[in-house]
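Enquirer: Line order of the protein sequences matches chains A and S. Quick note on numbering: the first sequence equals residues 0 to 291 in numbering that gives the first Met the number 0. Quick note on numbering: the second sequence equals residues 0 to 291 in numbering that gives the first Met the number 0.
Keep in mind that the hints were calculated from the coordinates and are not lab data. Don't take every hint at face value.
Said to hold, decoys possible - Stretch by stretch, here's where chain S covers chain A in the computed footprint (C-beta under 8 Å, at least three residues): (1) 45-55; (2) 69-82; (3) 200-211; (4) 237-249; (5) 265-279.
Unchecked claim - Some chain S residues close to chain A (C-beta under 7 Å, calculated; not the full set): (6) Thr4; (7) Asn7; (8) Leu23; (9) Leu43; (10) Cys62; (11) Glu65; (12) Leu144; (13) Val269.
All C-beta atoms, glycine included, are put in the ideal place defined by N, C-alpha and C.
Number of protein chains: 2
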Amino acid sequence: MRNLTEHNITEAVLNTLNSDNARLNQILTGLVKHLHAFVREVELTEEEWLAAIQFLTRTGQMCDDERQEFILLSDTLGASILVDAINNRKDEAATPSTVLGPFHREGAAEVEHQHNIAGEGTAGEPVIVSGRVTAPNGEPIAGALLDIWQASAEGFYDIQDESQPEMNLRCKLRTDERGRFAFRTIKPSSYPIPDDGPVGDMLRALNRHPYRPAHVHFIITAEGYEPVVTHIFVDGDPYLDSDAVFGVKSALIAEFVRHDSAEEAEQYGVAAPFFTVRYNFVLQPRDRRDTS
Amino acid sequence: MRNLTEHNITEAVLNTLNSDNARLNQILTGLVKHLHAFVREVELTEEEWLAAIQFLTRTGQMCDDERQEFILLSDTLGASILVDAINNRKDEAATPSTVLGPFHREGAAEVEHQHNIAGEGTAGEPVIVSGRVTAPNGEPIAGALLDIWQASAEGFYDIQDESQPEMNLRCKLRTDERGRFAFRTIKPSSYPIPDDGPVGDMLRALNRHPYRPAHVHFIITAEGYEPVVTHIFVDGDPYLDSDAVFGVKSALIAEFVRHDSAEEAEQYGVAAPFFTVRYNFVLQPRDRRDTS
Chain A
0 MRNLTEHNIT
10 EAVLNTLNSD
20 NARLNQILTG
30 LVKHLHAFVR
40 EVELTEEEWL
50 AAIQFLTRTG
60 QMCDDERQEF
70 ILLSDTLGAS
80 ILVDAINNRK
90 DEAATPSTVL
100 GPFHREGAAE
110 VEHQHNIAGE
120 GTAGEPVIVS
130 GRVTAPNGEP
140 IAGALLDIWQ
150 ASAEGFYDIQ
160 DESQPEMNLR
170 CKLRTDERGR
180 FAFRTIKPSS
190 YPIPDDGPVG
200 DMLRALNRHP
210 YRPAHVHFII
220 TAEGYEPVVT
230 HIFVDGDPYL
240 DSDAVFGVKS
250 ALIAEFVRHD
260 SAEEAEQYGV
270 AAPFFTVRYN
280 FVLQPRDRRD
290 TS
Chain S
0 MRNLTEHNIT
10 EAVLNTLNSD
20 NARLNQILTG
30 LVKHLHAFVR
40 EVELTEEEWL
50 AAIQFLTRTG
60 QMCDDERQEF
70 ILLSDTLGAS
80 ILVDAINNRK
90 DEAATPSTVL
100 GPFHREGAAE
110 VEHQHNIAGE
120 GTAGEPVIVS
130 GRVTAPNGEP
140 IAGALLDIWQ
150 ASAEGFYDIQ
160 DESQPEMNLR
170 CKLRTDERGR
180 FAFRTIKPSS
190 YPIPDDGPVG
200 DMLRALNRHP
210 YRPAHVHFII
220 TAEGYEPVVT
230 HIFVDGDPYL
240 DSDAVFGVKS
250 ALIAEFVRHD
260 SAEEAEQYGV
270 AAPFFTVRYN
280 FVLQPRDRRD
290 TS
């Protein structure tokens, strides 16, 4: 292993991938081949290589308990939604998955139906979300667990915004015996992904905006079914066709129906105007996954 | 741009690369194509994706003023030497380049010939390095600037080792009118690249050792010639055929000749045993670069 040139370096590196873990060798073989092919294809200069090193370093150093810049990078380069697609091949009837994003938090409290997840002082238009979780044949799934999170009307998650109560706009809910769930929240807004770091610099250099269309996140799990990581998007949002992280699927867009009647609002114990949205999730049974 | 699948996501991302900088579009086009092809080829799972995100984050967070873990990652995956090879295509007569590594520092002092770069308290066997810098036709290059750095006999660069004087084992030298240079130092040792971070974890997982064969670094610049970033390696080193960063070239290996005579040592003002090494650098003239 001497005198390596642009023509034989790749093979030399591949020969050093001798893990006892065959899968690690397989992944690194793919990585080295594609990394080298990329460098060769674009004939990366030494200055560009150093700029890449510095970009990756800044990306790592932007990360902390509340910020995951490498997930943003993966999301904005379409890698996250690709990994999602490869790992969640489903029947058409099942609710499609989309990106997890960097703002999920473990430990949201399980609440009763009709709970309002918008805590004290959370401004925004009231929304009542309800629906069912079913199998593809329409059979209700009782006891499915929904892990739910969203940004405020200003477009910030609790961990980005000190003015919000701890664990604001997050909860877990279980479906009842008829597969139903219901909770209250405020209407989410489209918002820019954090763009004061290297990923923001990249988007600006590419003349790309950093916005995501308004959405509510869900992870739904139920025994005997594939878990689904997904969103409900707000119909009519101006960014539905240019989501900065490529996550929109038509089947995930829901109509947020506006109600202006003060009487109707009173029935729900909210102020008018308010919105209702119904969405039914369909889970893919385990072991019947169509991986074709 | 909705309903993106594993089959159309790559094209959708490529359509968002709209920089005013054509070269940036070209580089990111290559990056996105190869990143996506890698994910598809190995069918990266969601757990593996998250492990990769965490690995890259740790790599960035390992970096500081004295540690560049992303350069180590690039070096150990053979990307650095590939970039070097692509950007330094030369005539065979010219001294080959090799990796810069993460330990170069700006600002080394220019010293006189015969200066000893091993500062106060630097243990090690004395070495007298001398040689010439010439054009491929043997014509001496006067006034060429050599920027020189190396690790201690214990295998640590000054910035890794508080016991060394500031800027220890570093200097700049200019060739005289006959293209000659000479300096004194201590014999370098093979050493492990820093392996207490994610790159070290990767090497262990691959059953790879972290060692580099003993070497002295040089960057040589002269008006009218291509600069060269290179090393002199110590002949006989046990790691010449398994350099952790793939940098060894036969033309860069030099014999460190041992001298045991006390009288000879006295002539040089050192203690026996000591070593002498002669190495001639050949620079590639600018604008006559063979890029075939």
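Enquirer: Does each hint hold? Answer for all of them.
Expert: Consistency of the hints with the structure:
1. With 5 residues bearing a CB less than 8 Å from a CB of chain S, the stretch 45-55 of chain A meets the requirement of three and the coverage assertion stands.
2. Check on the stretch 69-82 of chain A: 10 of its residues sit with their Cβ under 8 Å from a Cβ of chain S, so the three-residue criterion for coverage holds.
3. With 4 residues carrying a beta carbon less than 8 Å from a beta carbon of chain S, the stretch 200-211 of chain A meets the three-residue requirement, and the given coverage holds.
4. Interface restraint, the stretch 237-249 of chain A with chain S: holds (8 residues with C-beta to C-beta distance below 8 Å; minimum three).
5. Beta-carbon proximity to chain S at under 8 Å applies to 0 residues in the stretch 265-279 of chain A; the threshold of 3 is not reached and the given coverage is violated.
6. Here the hint on S/Thr4 is kept, as its CB sits about 6 Å from the closest CB of chain A, short of 7 Å.
7. Below 7 Å, beta-carbon pairs count as interface contacts, and S/Asn7 has none with chain A, the closest being about 10 Å; its hint is therefore violated.
8. With a least beta-carbon distance of about 6 Å to chain A, the hint placing S/Leu23 at the interface is held under the 7 Å criterion.
9. Of the supplied interface hints, the one on S/Leu43 holds, with its beta-carbon coming within about 6 Å of a beta-carbon of chain A, less than 7 Å.
10. Residue-level restraint check for S/Cys62 holds (minimum Cβ-Cβ distance to chain A is 5 Å; threshold 7 Å).
11. Interface hint status for S/Glu65: violated, as the beta-carbon distance to the closest one in chain A is roughly 13 Å, over 7 Å.
12. Because the closest C-beta pair between S/Leu144 and chain A is about 18 Å apart, greater than 7 Å, the hint is violated.
13. With a cut of 7 Å, the hint placing S/Val269 at the interface with chain A is violated, because the nearest CB-to-CB distance is about 31 Å.
Figure legend: structure checked against the earlier numbered hints; hints not met, in rising order: 5, 7, 11, 12, 13.
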